[in-house]
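Asks: Sequence:
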Amino acid sequence: MPTINDKDNQVAPAAGSTDVEAQRPEERAAGEAESSGEDVTEEKTAESLREVTKERKACCVDMLSSKENRRRCYALTCCLGFGLVLFGAFVGVFWPRNPSWELTKLEMGPDALQDLMKAALGKIPEEDNKIRNLDFTAYVDIYNPNMLGGMATPGSFTITFEGHTLGWGQCQELRVRPRSNMVAIINVSIALRPSLGRAIGKVAMANKFKLPIQAGGSAQVMGAGFLPMMAEVNCDITADVIQLVPPHRPEDVVKKHDCNYRYYFSAR
591 MPTINDKDNQ VAPAAGSTDV EAQRPEERAA GEAESSGEDV TEEKTAESLR EVTKERKACC
651 VDMLSSKENR RRCYALTCCL GFGLVLFGAF VGVFWPRNPS WELTKLEMGP DALQDLMKAA
711 LGKIPEEDNK IRNLDFTAYV DIYNPNMLGG MATPGSFTIT FEGHTLGWGQ CQELRVRPRS
771 NMVAIINVSI ALRPSLGRAI GKVAMANKFK LPIQAGGSAQ VMGAGFLPMM AEVNCDITAD
831 VIQLVPPHRP EDVVKKHDCN YRYYFSAR
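Note that our numbering has the sequence shown beginning at 591, numbered continuously upward.
There's no promise every hint is true.
Stated by the list, open to error - Cut-off 25 angstroms, straight-line C-alpha distance, at most; resulting in silico cross-link-like pairs (BS3-like, lysine-lysine):
#1 K800 <-> K695
#2 K845 <-> K720
#3 K708 <-> K845
#4 K720 <-> K708
#5 K713 <-> K845
#6 K695 <-> K845
#7 K800 <-> K846
#8 K792 <-> K845
#9 K792 <-> K720
#10 K708 <-> K695
#11 K798 <-> K708
#12 K846 <-> K792
#13 K800 <-> K845
#14 K800 <-> K708
#15 K798 <-> K695
#16 K708 <-> K846
#17 K713 <-> K792
#18 K798 <-> K846
#19 K720 <-> K846
#20 K695 <-> K846
#21 K845 <-> K798
#22 K708 <-> K792
Stated by the list, open to error - What follows is a set of in silico ranges between Cβ atoms, one per label pair, in the way DEER data are often shown:
#23 Q760 <-> I721: 16 to 22 angstroms
#24 S856 <-> S785: 22 to 28 angstroms
#25 T755 <-> N719: 15 to 21 angstroms
#26 C849 <-> G813: 31 to 37 angstroms
#27 K792 <-> T727: 15 to 21 angstroms
#28 G753 <-> S808: 27 to 33 angstroms
#29 R765 <-> L711: 39 to 45 angstroms
#30 N688 <-> P802: 19 to 25 angstroms
#31 E692 <-> T750: 35 to 41 angstroms
#32 T743 <-> C849: 28 to 34 angstroms
#33 M795 <-> I775: 18 to 24 angstroms
#34 P818 <-> L711: 20 to 26 angstroms
#35 T828 <-> P744: 22 to 28 angstroms
Keep in mind the hints are simulated off the structure, nothing from the lab. All residues carry an ideal CB built from backbone N, CA and C; glycine is no exception.
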């Protein structure tokens, strides 16, 4: 019985099978590398999408915040504008308007009147060196056109002639009522020096007894609920001194007056 040789019976491997089997690990490695590369690409893509999404969200937040800021800015601008309108209206309504006044009565003793008329008529001789003190009281009707009132503290003022001090005045405390008339009582003292009296006489005789004088002073007005306010006044007055002589009326001595006023807040 013939013997079968195991070596002869072994089937020879197909051509190229050994190469294929040898290449399989390399192909698997390449495939794995490709798959891992695809995974990395997908991760990068996902990360890029997340970054884009974050940027879009940030952009949306910025847009919303900028809109909110614009709204706040508009609201603030409107509030400021409204506040300025209210302040302007308040100032327009309550800021002081200039008062008007008129001399209604003048009380002067006979000696003071005689000395004043002697100066106005140029009757003070050169050798006369006597200083004459003239005192009189003036009653002045004042109209306050303002919507606010208060209490005016005693005010003082100075009377000048051609830059030289002629006298002083003191106004008594006065209650200032809104949009109404009141009477201010003013005590006036004049120190008539001989040289100044002669200068007054020359000007009065040359201008038909019209004498230009200046008066300026200040007073503090205390208003309830408001800061104290200072009122300053400077007046150019034309005095018709002939009106002091009977049968004329002494209260008509003020022929014309032009006053400038200034107001400002002051500390108590």
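Asks: If a hint holds in the structure, say so; if it does not, say that too.
Replies: Hint check:
no., hint, verdict
1, K800 <-> K695, "19 angstroms, holds"
2, K845 <-> K720, "29 angstroms, violated"
3, K708 <-> K845, "20 angstroms, holds"
4, K720 <-> K708, "13 angstroms, holds"
5, K713 <-> K845, "23 angstroms, holds"
6, K695 <-> K845, "14 angstroms, holds"
7, K800 <-> K846, "10 angstroms, holds"
8, K792 <-> K845, "19 angstroms, holds"
9, K792 <-> K720, "18 angstroms, holds"
10, K708 <-> K695, "22 angstroms, holds"
11, K798 <-> K708, "15 angstroms, holds"
12, K846 <-> K792, "20 angstroms, holds"
13, K800 <-> K845, "8 angstroms, holds"
14, K800 <-> K708, "15 angstroms, holds"
15, K798 <-> K695, "23 angstroms, holds"
16, K708 <-> K846, "23 angstroms, holds"
17, K713 <-> K792, "10 angstroms, holds"
18, K798 <-> K846, "15 angstroms, holds"
19, K720 <-> K846, "31 angstroms, violated"
20, K695 <-> K846, "16 angstroms, holds"
21, K845 <-> K798, "12 angstroms, holds"
22, K708 <-> K792, "12 angstroms, holds"
23, Q760 <-> I721: 16 to 22 angstroms, "20 angstroms, holds"
24, S856 <-> S785: 22 to 28 angstroms, "38 angstroms, violated"
25, T755 <-> N719: 15 to 21 angstroms, "18 angstroms, holds"
26, C849 <-> G813: 31 to 37 angstroms, "21 angstroms, violated"
27, K792 <-> T727: 15 to 21 angstroms, "28 angstroms, violated"
28, G753 <-> S808: 27 to 33 angstroms, "20 angstroms, violated"
29, R765 <-> L711: 39 to 45 angstroms, "41 angstroms, holds"
30, N688 <-> P802: 19 to 25 angstroms, "21 angstroms, holds"
31, E692 <-> T750: 35 to 41 angstroms, "22 angstroms, violated"
32, T743 <-> C849: 28 to 34 angstroms, "20 angstroms, violated"
33, M795 <-> I775: 18 to 24 angstroms, "32 angstroms, violated"
34, P818 <-> L711: 20 to 26 angstroms, "45 angstroms, violated"
35, T828 <-> P744: 22 to 28 angstroms, "27 angstroms, holds"
In this structure, the earlier hints numbered 2, 19, 24, 26, 27, 28, 31, 32, 33, 34 are contradicted, and the remaining ones agree with it.
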